[in-house]
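J.: Sequence:
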Amino acid sequence: MPEQEHNLNISTDYYSPDQTAAVSVYSSTFIPDIPDIPELSSITTNLFEQLKSQFFNEMLDDKSFNGEASKKIEQWLSIRSLDELKVLGAQAKQHFLYQGITFNVYGDQEGTERTIPYDLIPRVIEKKQWEKISSGCAQRVKALNLFLDDIYHEQNILKDGLIPAHQVMAHEAFQPHMLRHHLKGKVYSQISGIDIIRDGRGDFFVLEDNLRTPSGVSYMLESRKISQKLMPDLCSSNNLQGIEQYPTLLRAILEENAYVDKPFIVVLTPGRFNSAYYEHAFLAREMDVPLVTSRDLFVENDKVFAKTIRGRQQVDVIYRRVDDEFLDPLVFRADSTLGVAGLMSAYLQNNVVIANAPGTGVADDKSIYPYVDQMIQYYLGETPILSNVPTYQCRDSEQLDYVLNNLEKLVVKEAQGSGGYGMLIGPQADQQQIEQFRQKIMQTPHLYIAQPTLALSVAPTLTTDGVAERHIDLRPFVLSSPYRTEIVPGGLTRVAMQAGSLVVNSSQGGGIKDTWVVESLHS
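Take the sequence shown: its letters are residues 4 to 526, numbered as in the working numbering.
Hints are not guaranteed to be accurate.
Said to hold, decoys possible - Pairs of lysine-lysine, DSSO-like flavour, derived with a Cα cap of 27 angstroms: (1) Lys306 to Lys187; (2) Lys265 to Lys232; (3) Lys162 to Lys75; (4) Lys131 to Lys74.
To be verified - Per label pair, the in silico range of CB-to-CB distance: (5) Gly384 to Arg183: 23 to 31 angstroms; (6) Gln244 to His180: 21 to 29 angstroms; (7) Lys96 to Gly384: 32 to 40 angstroms; (8) Ile312 to Lys96: 35 to 43 angstroms; (9) Gln97 to Thr311: 32 to 40 angstroms; (10) Ile312 to Pro455: 51 to 59 angstroms; (11) Leu333 to Arg313: 52 to 60 angstroms; (12) Ser239 to Ala168: 50 to 58 angstroms.
Honestly, the hints are just simulated from the structure, not real lab data.
Here a beta-carbon is modelled for each residue, glycine too, at the ideal position from N, C-alpha and C.
Modelling step: build the complete structure from the supplied sequences, incorporating the hints.
T.: The structure is reproduced here in C-alpha coordinates:
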(Lines of atoms letter the chains of each structure in order from A and count residues from 1; the text may use other names and numbers.)
(Lines give C-alpha, C1' and ligand atoms only; values in the text may rest on other atoms or scores of the structure.)
Protein backbone atom coordinates (compact mmCIF):
# COMPACT_ATOMS: atom_id res chain seq x y z
CA MET A 1 0.00 0.00 0.00
CA PRO A 2 1.42 3.45 -0.86
CA GLU A 3 2.45 5.45 2.16
CA GLN A 4 0.03 8.30 1.51
CA GLU A 5 -2.89 5.85 1.50
CA HIS A 6 -1.75 4.03 4.60
CA ASN A 7 -1.24 7.06 6.79
CA LEU A 8 -4.08 8.71 8.64
CA ASN A 9 -5.61 11.81 7.08
CA ILE A 10 -6.67 14.98 8.77
CA SER A 11 -10.42 15.43 8.72
CA THR A 12 -11.62 18.43 6.73
CA ASP A 13 -14.83 19.06 8.66
CA TYR A 14 -15.10 22.59 9.99
CA TYR A 15 -17.50 24.70 11.94
CA SER A 16 -20.66 26.10 10.41
CA PRO A 17 -23.31 28.33 11.98
CA ASP A 18 -25.66 25.35 12.17
CA GLN A 19 -23.08 23.27 14.02
CA THR A 20 -22.20 25.93 16.57
CA ALA A 21 -25.88 26.32 17.37
CA ALA A 22 -25.59 23.04 19.27
CA VAL A 23 -24.25 25.00 22.22
CA SER A 24 -27.81 26.00 23.08
CA VAL A 25 -28.38 22.64 24.72
CA TYR A 26 -25.16 22.72 26.74
CA SER A 27 -24.89 24.18 30.20
CA SER A 28 -21.58 25.83 29.28
CA THR A 29 -21.31 29.49 28.41
CA PHE A 30 -18.61 29.07 25.79
CA ILE A 31 -19.16 29.16 22.04
CA PRO A 32 -16.47 29.29 19.39
CA ASP A 33 -16.03 31.84 16.64
CA ILE A 34 -16.07 30.46 13.11
CA PRO A 35 -12.50 30.06 11.85
CA ASP A 36 -11.38 30.46 8.25
CA ILE A 37 -10.92 27.12 6.50
CA PRO A 38 -7.21 26.54 5.82
CA GLU A 39 -5.71 24.67 2.90
CA LEU A 40 -5.01 21.05 3.84
CA SER A 41 -3.13 18.36 1.97
CA SER A 42 -2.63 14.65 2.50
CA ILE A 43 -0.78 14.10 5.77
CA THR A 44 2.05 11.65 6.34
CA THR A 45 4.03 13.32 9.13
CA ASN A 46 3.53 16.10 11.66
CA LEU A 47 -0.03 14.90 12.00
CA PHE A 48 -1.11 17.25 14.77
CA GLU A 49 0.60 20.28 13.20
CA GLN A 50 -2.05 20.26 10.47
CA LEU A 51 -4.74 20.92 13.07
CA LYS A 52 -3.58 24.38 14.10
CA SER A 53 -6.47 26.81 14.41
CA GLN A 54 -7.49 29.79 16.51
CA PHE A 55 -8.41 27.54 19.43
CA PHE A 56 -5.94 26.47 22.11
CA ASN A 57 -4.92 22.95 21.08
CA GLU A 58 -3.81 20.91 24.10
CA MET A 59 -1.42 18.79 22.04
CA LEU A 60 0.19 21.67 20.14
CA ASP A 61 -0.01 24.97 21.95
CA ASP A 62 1.02 24.16 25.51
CA LYS A 63 4.60 25.42 25.85
CA SER A 64 4.89 24.61 29.56
CA PHE A 65 6.33 21.17 28.79
CA ASN A 66 8.18 19.46 25.96
CA GLY A 67 5.28 17.34 24.73
CA GLU A 68 7.13 14.02 24.67
CA ALA A 69 3.93 12.06 25.32
CA SER A 70 2.11 13.98 22.57
CA LYS A 71 4.88 13.15 20.11
CA LYS A 72 4.66 9.46 20.96
CA ILE A 73 0.90 9.53 20.44
CA GLU A 74 1.36 11.32 17.11
CA GLN A 75 3.91 8.75 15.96
CA TRP A 76 1.64 5.89 17.04
CA LEU A 77 -1.22 7.31 14.99
CA SER A 78 0.91 8.15 11.95
CA ILE A 79 1.89 4.54 11.24
CA ARG A 80 -1.71 3.32 11.31
CA SER A 81 -4.35 3.65 8.65
CA LEU A 82 -7.76 5.12 9.34
CA ASP A 83 -9.28 1.68 8.80
CA GLU A 84 -6.99 0.17 11.44
CA LEU A 85 -7.98 2.85 13.92
CA LYS A 86 -11.65 2.33 13.15
CA VAL A 87 -11.21 -1.36 13.97
CA LEU A 88 -9.73 -0.41 17.34
CA GLY A 89 -12.64 1.96 17.92
CA ALA A 90 -15.09 -0.84 17.14
CA GLN A 91 -13.27 -3.09 19.62
CA ALA A 92 -13.64 -0.41 22.28
CA LYS A 93 -17.35 -0.16 21.58
CA GLN A 94 -17.69 -3.94 21.86
CA HIS A 95 -15.79 -3.86 25.16
CA PHE A 96 -18.15 -1.26 26.59
CA LEU A 97 -21.18 -3.18 25.35
CA TYR A 98 -19.90 -6.48 26.74
CA GLN A 99 -19.15 -4.88 30.10
CA GLY A 100 -22.63 -3.35 30.17
CA ILE A 101 -21.28 0.20 30.00
CA THR A 102 -24.41 1.75 28.58
CA PHE A 103 -26.66 4.65 29.47
CA ASN A 104 -30.25 5.64 28.83
CA VAL A 105 -31.08 9.01 27.33
CA TYR A 106 -33.70 10.95 29.26
CA GLY A 107 -36.66 11.72 27.03
CA ASP A 108 -35.94 8.82 24.68
CA GLN A 109 -39.37 7.25 24.22
CA GLU A 110 -37.83 3.92 23.22
CA GLY A 111 -35.57 3.79 26.26
CA THR A 112 -32.62 3.05 24.00
CA GLU A 113 -29.42 1.94 25.71
CA ARG A 114 -26.29 3.38 24.15
CA THR A 115 -22.59 2.85 24.57
CA ILE A 116 -20.53 5.89 25.44
CA PRO A 117 -18.45 7.12 22.47
CA TYR A 118 -14.79 6.54 23.32
CA ASP A 119 -12.01 8.40 21.52
CA LEU A 120 -8.73 6.55 21.07
CA ILE A 121 -6.57 9.68 21.25
CA PRO A 122 -5.93 10.44 24.95
CA ARG A 123 -5.81 13.86 26.54
CA VAL A 124 -2.37 14.59 28.04
CA ILE A 125 -1.82 16.67 31.19
CA GLU A 126 1.70 17.29 32.44
CA LYS A 127 2.26 16.43 36.10
CA LYS A 128 2.98 20.00 37.23
CA GLN A 129 -0.20 21.19 35.54
CA TRP A 130 -2.09 18.41 37.26
CA GLU A 131 -0.69 19.41 40.63
CA LYS A 132 -2.17 22.88 40.14
CA ILE A 133 -5.54 21.45 39.07
CA SER A 134 -5.57 18.98 41.94
CA SER A 135 -4.60 21.58 44.54
CA GLY A 136 -7.20 23.98 43.19
CA CYS A 137 -9.96 21.38 43.31
CA ALA A 138 -9.05 20.32 46.86
CA GLN A 139 -9.00 23.96 48.00
CA ARG A 140 -12.36 24.60 46.38
CA VAL A 141 -14.13 21.59 47.87
CA LYS A 142 -12.75 22.37 51.33
CA ALA A 143 -14.18 25.90 51.12
CA LEU A 144 -17.52 24.64 49.81
CA ASN A 145 -17.82 22.18 52.71
CA LEU A 146 -17.09 24.98 55.18
CA PHE A 147 -19.68 27.16 53.45
CA LEU A 148 -22.29 24.43 53.83
CA ASP A 149 -21.47 23.94 57.50
CA ASP A 150 -21.68 27.70 58.03
CA ILE A 151 -25.06 28.26 56.35
CA TYR A 152 -26.60 25.37 58.30
CA HIS A 153 -25.19 26.68 61.60
CA GLU A 154 -23.86 30.17 62.43
CA GLN A 155 -24.42 31.70 58.95
CA ASN A 156 -21.50 34.08 59.43
CA ILE A 157 -20.93 34.56 55.71
CA LEU A 158 -24.52 35.75 55.39
CA LYS A 159 -24.32 38.01 58.44
CA ASP A 160 -21.14 39.58 57.08
CA GLY A 161 -22.92 40.35 53.83
CA LEU A 162 -20.66 38.46 51.45
CA ILE A 163 -23.64 36.56 50.04
CA PRO A 164 -27.23 37.85 50.17
CA ALA A 165 -29.04 35.80 52.83
CA HIS A 166 -32.23 35.43 50.82
CA GLN A 167 -30.23 34.03 47.91
CA VAL A 168 -29.29 31.07 50.12
CA MET A 169 -32.29 30.69 52.43
CA ALA A 170 -34.85 30.84 49.62
CA HIS A 171 -32.91 28.48 47.38
CA GLU A 172 -34.81 25.34 46.40
CA ALA A 173 -31.84 23.13 47.37
CA PHE A 174 -31.54 24.63 50.86
CA GLN A 175 -32.82 22.06 53.38
CA PRO A 176 -34.13 23.51 56.68
CA HIS A 177 -34.00 19.98 58.13
CA MET A 178 -30.21 20.28 58.08
CA LEU A 179 -30.11 23.38 60.30
CA ARG A 180 -27.92 22.81 63.38
CA HIS A 181 -27.23 19.21 62.35
CA HIS A 182 -23.54 18.49 62.97
CA LEU A 183 -21.65 16.36 60.48
CA LYS A 184 -18.46 14.50 61.26
CA GLY A 185 -15.54 16.69 60.23
CA LYS A 186 -17.94 19.20 58.63
CA VAL A 187 -17.85 17.11 55.45
CA TYR A 188 -21.04 17.52 53.42
CA SER A 189 -19.73 16.54 50.00
CA GLN A 190 -17.72 13.35 50.27
CA ILE A 191 -17.67 12.89 46.49
CA SER A 192 -17.33 16.01 44.34
CA GLY A 193 -16.90 16.52 40.61
CA ILE A 194 -15.34 19.82 39.53
CA ASP A 195 -15.79 20.71 35.85
CA ILE A 196 -12.77 22.52 34.42
CA ILE A 197 -12.21 24.18 31.07
CA ARG A 198 -9.22 25.79 29.41
CA ASP A 199 -9.48 29.04 27.49
CA GLY A 200 -7.74 30.39 24.40
CA ARG A 201 -4.63 31.35 26.40
CA GLY A 202 -4.34 27.94 28.01
CA ASP A 203 -5.56 29.09 31.42
CA PHE A 204 -7.69 26.74 33.52
CA PHE A 205 -11.06 27.85 34.90
CA VAL A 206 -13.72 26.13 36.98
CA LEU A 207 -16.92 25.99 34.96
CA GLU A 208 -19.14 24.22 37.47
CA ASP A 209 -19.15 22.45 40.83
CA ASN A 210 -21.02 19.14 41.18
CA LEU A 211 -21.69 18.31 44.82
CA ARG A 212 -24.96 16.38 44.74
CA THR A 213 -24.47 13.10 42.88
CA PRO A 214 -21.59 13.65 40.42
CA SER A 215 -21.30 10.89 37.83
CA GLY A 216 -18.79 9.70 35.25
CA VAL A 217 -16.10 8.04 37.34
CA SER A 218 -16.85 4.62 35.84
CA TYR A 219 -16.17 6.06 32.40
CA MET A 220 -12.85 7.37 33.67
CA LEU A 221 -11.83 3.94 34.92
CA GLU A 222 -13.05 1.98 31.91
CA SER A 223 -11.41 4.36 29.44
CA ARG A 224 -8.05 3.58 31.06
CA LYS A 225 -8.71 -0.16 30.88
CA ILE A 226 -9.53 -0.04 27.18
CA SER A 227 -6.55 2.23 26.45
CA GLN A 228 -4.23 -0.28 28.08
CA LYS A 229 -5.90 -3.09 26.15
CA LEU A 230 -5.77 -1.44 22.73
CA MET A 231 -2.54 0.58 23.11
CA PRO A 232 -0.42 -1.34 25.66
CA ASP A 233 2.98 -0.23 24.34
CA LEU A 234 1.95 3.40 24.11
CA CYS A 235 0.55 3.37 27.64
CA SER A 236 3.58 1.66 29.16
CA SER A 237 6.06 3.95 27.39
CA ASN A 238 4.53 7.06 28.97
CA ASN A 239 4.64 5.99 32.63
CA LEU A 240 1.05 7.05 33.29
CA GLN A 241 -0.13 8.05 36.77
CA GLY A 242 -2.48 5.33 38.02
CA ILE A 243 -6.23 5.74 38.57
CA GLU A 244 -7.28 2.16 39.26
CA GLN A 245 -7.17 2.78 43.02
CA TYR A 246 -10.29 4.98 42.94
CA PRO A 247 -12.82 2.35 44.19
CA THR A 248 -10.50 1.43 47.07
CA LEU A 249 -10.09 5.09 47.97
CA LEU A 250 -13.83 5.71 47.71
CA ARG A 251 -14.60 2.89 50.12
CA ALA A 252 -11.92 4.10 52.54
CA ILE A 253 -13.28 7.66 52.41
CA LEU A 254 -16.81 6.44 53.11
CA GLU A 255 -15.54 4.37 56.04
CA GLU A 256 -13.72 7.41 57.47
CA ASN A 257 -16.95 9.43 57.35
CA ALA A 258 -18.83 6.78 59.34
CA TYR A 259 -19.64 7.03 63.06
CA VAL A 260 -18.60 3.41 63.70
CA ASP A 261 -15.59 1.23 63.00
CA LYS A 262 -15.94 -1.25 60.14
CA PRO A 263 -19.19 0.24 58.83
CA PHE A 264 -21.68 -1.60 56.64
CA ILE A 265 -21.88 0.39 53.39
CA VAL A 266 -24.47 0.25 50.61
CA VAL A 267 -24.91 2.04 47.29
CA LEU A 268 -28.50 3.28 46.90
CA THR A 269 -29.67 3.43 43.28
CA PRO A 270 -33.00 4.58 41.82
CA GLY A 271 -32.91 1.40 39.72
CA ARG A 272 -31.85 0.04 36.37
CA PHE A 273 -33.81 2.62 34.37
CA ASN A 274 -31.66 5.45 35.69
CA SER A 275 -29.24 6.80 33.08
CA ALA A 276 -26.25 6.17 35.39
CA TYR A 277 -27.31 2.73 36.62
CA TYR A 278 -24.23 1.06 35.15
CA GLU A 279 -22.04 3.30 37.27
CA HIS A 280 -24.00 2.52 40.43
CA ALA A 281 -23.56 -1.21 39.86
CA PHE A 282 -19.93 -0.78 38.82
CA LEU A 283 -18.95 1.12 41.97
CA ALA A 284 -20.83 -1.26 44.27
CA ARG A 285 -19.05 -4.21 42.66
CA GLU A 286 -15.62 -2.59 42.74
CA MET A 287 -16.02 -1.54 46.39
CA ASP A 288 -17.44 -4.98 47.26
CA VAL A 289 -20.57 -3.52 48.87
CA PRO A 290 -24.27 -4.22 48.19
CA LEU A 291 -26.17 -2.31 45.51
CA VAL A 292 -29.65 -1.64 46.88
CA THR A 293 -32.91 0.06 45.95
CA SER A 294 -35.44 1.52 48.36
CA ARG A 295 -37.19 -1.87 48.56
CA ASP A 296 -34.09 -3.39 50.12
CA LEU A 297 -34.00 -0.92 53.03
CA PHE A 298 -36.26 -0.11 55.97
CA VAL A 299 -36.08 2.00 59.12
CA GLU A 300 -36.83 0.76 62.62
CA ASN A 301 -36.23 2.72 65.84
CA ASP A 302 -34.38 5.40 63.87
CA LYS A 303 -31.93 2.90 62.45
CA VAL A 304 -31.60 1.82 58.83
CA PHE A 305 -31.51 -1.86 57.95
CA ALA A 306 -30.87 -3.78 54.75
CA LYS A 307 -32.62 -7.02 53.89
CA THR A 308 -29.99 -9.67 53.20
CA ILE A 309 -29.99 -13.43 52.72
CA ARG A 310 -28.64 -13.68 56.28
CA GLY A 311 -31.40 -11.52 57.69
CA ARG A 312 -31.43 -7.84 58.39
CA GLN A 313 -28.17 -5.90 58.61
CA GLN A 314 -27.83 -2.41 60.07
CA VAL A 315 -26.58 0.10 57.51
CA ASP A 316 -23.97 2.62 58.62
CA VAL A 317 -23.22 4.47 55.37
CA ILE A 318 -25.42 5.06 52.33
CA TYR A 319 -23.67 6.23 49.19
CA ARG A 320 -26.80 7.55 47.57
CA ARG A 321 -27.34 8.18 43.88
CA VAL A 322 -30.88 9.41 44.54
CA ASP A 323 -31.75 13.12 44.57
CA ASP A 324 -32.75 14.88 47.81
CA GLU A 325 -36.42 15.23 46.95
CA PHE A 326 -36.83 11.46 46.63
CA LEU A 327 -34.84 10.33 49.69
CA ASP A 328 -37.63 10.12 52.27
CA PRO A 329 -41.36 10.33 51.46
CA LEU A 330 -42.08 11.40 55.04
CA VAL A 331 -39.94 14.53 54.66
CA PHE A 332 -39.68 15.35 50.98
CA ARG A 333 -41.92 14.18 48.14
CA ALA A 334 -44.71 12.05 49.54
CA ASP A 335 -45.11 10.21 46.23
CA SER A 336 -41.49 9.06 46.09
CA THR A 337 -40.93 5.32 45.70
CA LEU A 338 -37.16 5.73 45.39
CA GLY A 339 -36.44 6.64 49.00
CA VAL A 340 -36.92 5.11 52.44
CA ALA A 341 -39.57 6.25 54.91
CA GLY A 342 -37.89 7.44 58.11
CA LEU A 343 -34.43 7.78 56.57
CA MET A 344 -34.02 11.44 57.52
CA SER A 345 -34.95 10.74 61.13
CA ALA A 346 -32.25 8.07 61.33
CA TYR A 347 -29.81 10.41 59.63
CA LEU A 348 -30.47 13.32 61.98
CA GLN A 349 -29.88 10.96 64.93
CA ASN A 350 -26.42 10.18 63.48
CA ASN A 351 -27.37 6.53 63.12
CA VAL A 352 -26.44 6.52 59.44
CA VAL A 353 -24.28 8.62 57.12
CA ILE A 354 -25.72 9.76 53.79
CA ALA A 355 -23.09 10.65 51.22
CA ASN A 356 -23.43 13.24 49.91
CA ALA A 357 -25.38 15.01 52.64
CA PRO A 358 -28.91 16.28 51.98
CA GLY A 359 -28.91 20.00 51.27
CA THR A 360 -25.50 19.97 49.62
CA GLY A 361 -26.94 21.18 46.32
CA VAL A 362 -27.30 24.76 47.52
CA ALA A 363 -23.52 25.13 47.17
CA ASP A 364 -23.25 24.07 43.53
CA ASP A 365 -25.99 26.19 42.00
CA LYS A 366 -25.28 28.78 39.28
CA SER A 367 -26.48 31.58 41.55
CA ILE A 368 -23.96 30.61 44.27
CA TYR A 369 -21.08 29.79 41.91
CA PRO A 370 -19.93 33.44 41.53
CA TYR A 371 -19.18 33.58 45.27
CA VAL A 372 -16.84 30.58 45.53
CA ASP A 373 -13.68 32.69 45.11
CA GLN A 374 -14.86 34.80 48.06
CA MET A 375 -15.61 31.65 50.07
CA ILE A 376 -12.02 30.50 49.62
CA GLN A 377 -10.72 33.83 50.89
CA TYR A 378 -13.29 34.02 53.70
CA TYR A 379 -12.95 30.50 55.14
CA LEU A 380 -9.37 29.61 54.24
CA GLY A 381 -7.65 32.99 54.01
CA GLU A 382 -6.17 31.90 50.68
CA THR A 383 -6.10 33.13 47.11
CA PRO A 384 -8.05 30.83 44.77
CA ILE A 385 -5.75 28.52 42.83
CA LEU A 386 -8.34 28.01 40.09
CA SER A 387 -10.48 30.96 39.07
CA ASN A 388 -14.15 31.12 38.18
CA VAL A 389 -15.39 32.14 34.77
CA PRO A 390 -16.36 35.84 35.07
CA THR A 391 -20.05 35.98 35.98
CA TYR A 392 -22.49 38.87 36.12
CA GLN A 393 -25.29 38.79 38.68
CA CYS A 394 -28.32 40.50 37.18
CA ARG A 395 -29.69 41.12 40.69
CA ASP A 396 -26.93 43.73 41.06
CA SER A 397 -27.98 47.01 39.41
CA GLU A 398 -24.55 47.92 38.00
CA GLN A 399 -23.96 44.44 36.63
CA LEU A 400 -27.50 44.41 35.25
CA ASP A 401 -26.81 47.59 33.29
CA TYR A 402 -23.73 46.01 31.74
CA VAL A 403 -25.63 42.85 30.81
CA LEU A 404 -28.52 44.74 29.22
CA ASN A 405 -26.10 46.83 27.16
CA ASN A 406 -24.09 43.82 25.95
CA LEU A 407 -26.61 41.04 25.40
CA GLU A 408 -25.31 40.36 21.89
CA LYS A 409 -21.90 39.40 23.39
CA LEU A 410 -23.05 37.37 26.39
CA VAL A 411 -24.65 34.10 27.35
CA VAL A 412 -27.51 34.65 29.80
CA LYS A 413 -28.83 31.78 31.91
CA GLU A 414 -31.52 31.19 34.46
CA ALA A 415 -29.83 31.08 37.86
CA GLN A 416 -31.57 27.85 38.81
CA GLY A 417 -31.87 26.46 35.30
CA SER A 418 -30.19 23.34 33.96
CA GLY A 419 -29.60 21.39 30.79
CA GLY A 420 -29.02 24.47 28.68
CA TYR A 421 -32.67 25.51 28.68
CA GLY A 422 -33.91 29.06 29.24
CA MET A 423 -30.69 30.56 27.84
CA LEU A 424 -29.87 33.40 25.53
CA ILE A 425 -26.80 32.81 23.37
CA GLY A 426 -26.10 36.41 22.41
CA PRO A 427 -23.78 35.84 19.41
CA GLN A 428 -26.25 33.28 18.02
CA ALA A 429 -29.47 35.25 18.62
CA ASP A 430 -31.29 37.64 16.31
CA GLN A 431 -32.41 41.09 17.39
CA GLN A 432 -35.96 39.98 18.17
CA GLN A 433 -34.75 37.21 20.48
CA ILE A 434 -32.40 39.62 22.23
CA GLU A 435 -35.18 42.14 22.81
CA GLN A 436 -37.55 39.46 24.13
CA PHE A 437 -34.91 38.26 26.56
CA ARG A 438 -34.13 41.81 27.59
CA GLN A 439 -37.74 42.19 28.76
CA LYS A 440 -37.56 38.94 30.75
CA ILE A 441 -34.40 40.05 32.52
CA MET A 442 -35.80 43.47 33.35
CA GLN A 443 -38.94 41.94 34.86
CA THR A 444 -37.11 39.46 37.15
CA PRO A 445 -33.38 40.28 37.14
CA HIS A 446 -32.66 38.13 40.22
CA LEU A 447 -33.46 35.01 38.19
CA TYR A 448 -30.59 35.49 35.73
CA ILE A 449 -26.82 35.47 35.48
CA ALA A 450 -24.64 36.23 32.47
CA GLN A 451 -21.18 35.18 31.33
CA PRO A 452 -18.88 36.10 28.45
CA THR A 453 -18.35 33.78 25.51
CA LEU A 454 -14.91 32.19 25.57
CA ALA A 455 -13.31 29.60 23.29
CA LEU A 456 -12.89 26.18 24.88
CA SER A 457 -9.63 24.37 24.26
CA VAL A 458 -9.54 21.56 21.73
CA ALA A 459 -7.73 18.25 21.38
CA PRO A 460 -7.05 15.94 18.43
CA THR A 461 -9.91 13.48 18.12
CA LEU A 462 -10.51 10.52 15.81
CA THR A 463 -13.54 11.00 13.54
CA THR A 464 -14.99 8.94 10.71
CA ASP A 465 -12.88 10.98 8.26
CA GLY A 466 -9.61 11.24 10.16
CA VAL A 467 -8.18 13.34 12.98
CA ALA A 468 -9.88 16.64 13.76
CA GLU A 469 -10.08 19.15 16.61
CA ARG A 470 -12.89 18.73 19.12
CA HIS A 471 -13.70 20.77 22.23
CA ILE A 472 -13.08 19.15 25.63
CA ASP A 473 -13.52 19.70 29.34
CA LEU A 474 -12.28 17.87 32.44
CA ARG A 475 -14.00 16.53 35.54
CA PRO A 476 -11.62 15.55 38.38
CA PHE A 477 -13.23 13.64 41.24
CA VAL A 478 -12.50 14.84 44.77
CA LEU A 479 -12.94 12.47 47.73
CA SER A 480 -13.22 14.06 51.19
CA SER A 481 -13.19 12.71 54.73
CA PRO A 482 -12.57 14.42 58.09
CA TYR A 483 -8.94 13.32 57.80
CA ARG A 484 -7.88 13.79 54.19
CA THR A 485 -8.67 14.73 50.61
CA GLU A 486 -7.89 12.35 47.75
CA ILE A 487 -7.95 13.00 44.00
CA VAL A 488 -6.87 10.33 41.54
CA PRO A 489 -4.68 11.87 38.82
CA GLY A 490 -6.55 12.80 35.67
CA GLY A 491 -10.28 12.59 36.03
CA LEU A 492 -12.77 12.28 33.19
CA THR A 493 -12.14 14.13 29.94
CA ARG A 494 -15.37 14.68 28.04
CA VAL A 495 -15.27 15.50 24.35
CA ALA A 496 -17.82 17.03 21.98
CA MET A 497 -17.79 14.50 19.14
CA GLN A 498 -19.49 16.73 16.55
CA ALA A 499 -17.61 19.46 14.69
CA GLY A 500 -18.24 22.85 16.24
CA SER A 501 -20.25 21.47 19.13
CA LEU A 502 -19.59 22.14 22.79
CA VAL A 503 -21.94 19.39 23.92
CA VAL A 504 -19.80 17.04 25.98
CA ASN A 505 -22.66 15.36 27.88
CA SER A 506 -23.14 11.71 26.96
CA SER A 507 -26.91 12.19 26.77
CA GLN A 508 -26.32 14.80 24.07
CA GLY A 509 -23.87 12.78 21.98
CA GLY A 510 -20.66 13.66 23.81
CA GLY A 511 -17.88 11.15 24.29
CA ILE A 512 -14.92 10.44 26.55
CA LYS A 513 -11.13 10.35 26.37
CA ASP A 514 -8.61 8.70 28.63
CA THR A 515 -6.77 11.37 30.63
CA TRP A 516 -3.03 10.82 30.94
CA VAL A 517 -1.10 12.59 33.67
CA VAL A 518 2.55 12.25 32.69
CA GLU A 519 5.98 13.33 33.85
CA SER A 520 7.63 15.78 31.48
CA LEU A 521 10.91 17.66 31.52
CA HIS A 522 11.06 21.20 30.18
CA SER A 523 12.75 21.33 26.82
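J.: Taking the numbered hints from earlier one at a time, note which ones the structure violates and give those numbers from smallest to largest.
T.: 2, 3, 6, 7, 11
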